[in-house]
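Chemist: So the first sequence is residues 31 to 335, counted in our numbering.
The set of hints was computed from the structure by calculation and includes no laboratory data. Treat the hints with care, as some may be off.
Stated by the list, open to error - Quick list of in silico lysine-lysine cross-link-like pairs, DSBU-like style, CA-CA up to 30 Å: (1) Lys258 <-> Lys179; (2) Lys264 <-> Lys142; (3) Lys258 <-> Lys138.
To be verified - The calculated label-pair distances, taken between Cβ atoms and stated as ranges, are: (4) Gly106 <-> Gly334: 21 to 31 Å; (5) Ser131 <-> Ser210: 36 to 46 Å; (6) Asp242 <-> His331: 36 to 46 Å.
The beta-carbon is built from N, C-alpha and C at its ideal position, and this holds for glycine as well.
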Amino acid sequence: MTNNSRLSITPLSPFNFEFTAASHGWVDLSPNTWDEGQHALQRIERLSTGQVVLLSITGADSIHRPEISVEVHYVGRLLPKERREITAIVSRMFRADEDLSEFYTLCKKRGKRWARLTAGLGRLLRSPSVFEDVVKTICTTNIQWGGTKGIINRLVTTYGEPYPADPAWRAFPTPQAIASVSFKAFADSVRAGYRSEYIHTLAKRVVAGELDLEALANSDLPTPDLKKQLLGIKGVGNYAAATLLMLLSRYDELGVDTVFREFVHETYFDGKHPADKEAQAVYEDWGEWKYLAYWFDIWQHWSGK
DNA sequence: GTCCAGGTCGCGC
DNA sequence: GCGCGACATGGA
């Protein structure tokens, strides 16, 4: 028997809920799911009190008053501080407070296809915690997307806390849950290849207090210093660091990987393969907004929009 | 069976 | 600072 409670969040305008939900692959990674019928992003969340809830998140994109609605399903009661925590979680996931007006100004200057982004596109979905974003990012390196989904599924199924009303559904595992099992047991169950060690070590460092990942979310360090900290995480190299910087709202670094190289080569260099430096120069004009410019450049290319 | 994936590490120079 | 092989796992 579950109880329901509804929360409402007013994001900065302009805002586009469905586009943000589907802005990159994170919506497909457990415990996130997309309900096509309800147009809702759903996920199980373990709150810091230990309460495990089901969130069903929907949005209305009125230009004048956009709104994110969160239907919370839970067993027992929901404390006021738990409601506040959920509000903070969903705000972070959808970047409700992120001001992209500078980026939009640049888009308008470019005109044509870029101007379309100013209708609230540009927010890229992220996880409630930096820990979850780091683990997921590590699991996107040197692997195909299907492999990433498999690893994250096994991680959630094996170590996530069950939702009491339906124990088959689980939250993303806490660092504690991962750190408390032996490396061998962890590696055998998650089957993440050599990444298992990176994830297990990361969880142990977080639990030991050696690494305060969540502090990075509010850090005012310059991007190069923040990047250095990210590179200090085993399994995070240049590409993963740039992806994580994006997830920390720093867009001045491009994530150079095979997809980036291939896209820039095909789109901007006729025939010849540019060096990475030359390829990155394509987005130099975008300054602090390079990552978003690249991301929506390739998005428009893929989607034909 | 073989190759390699939205790379990264650790080494040697 | 740069080049290079090794790296687990599973899908193509």
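Chemist: Next step is simple, just say for each hint if it's right about the structure.
Modeler: How the hints compare with the structure:
| no. | hint | result |
| --- | --- | --- |
| 1 | Lys258 <-> Lys179 | holds, 28 Å |
| 2 | Lys264 <-> Lys142 | violated, 42 Å |
| 3 | Lys258 <-> Lys138 | violated, 33 Å |
| 4 | Gly106 <-> Gly334: 21 to 31 Å | violated, 48 Å |
| 5 | Ser131 <-> Ser210: 36 to 46 Å | holds, 45 Å |
| 6 | Asp242 <-> His331: 36 to 46 Å | holds, 38 Å |
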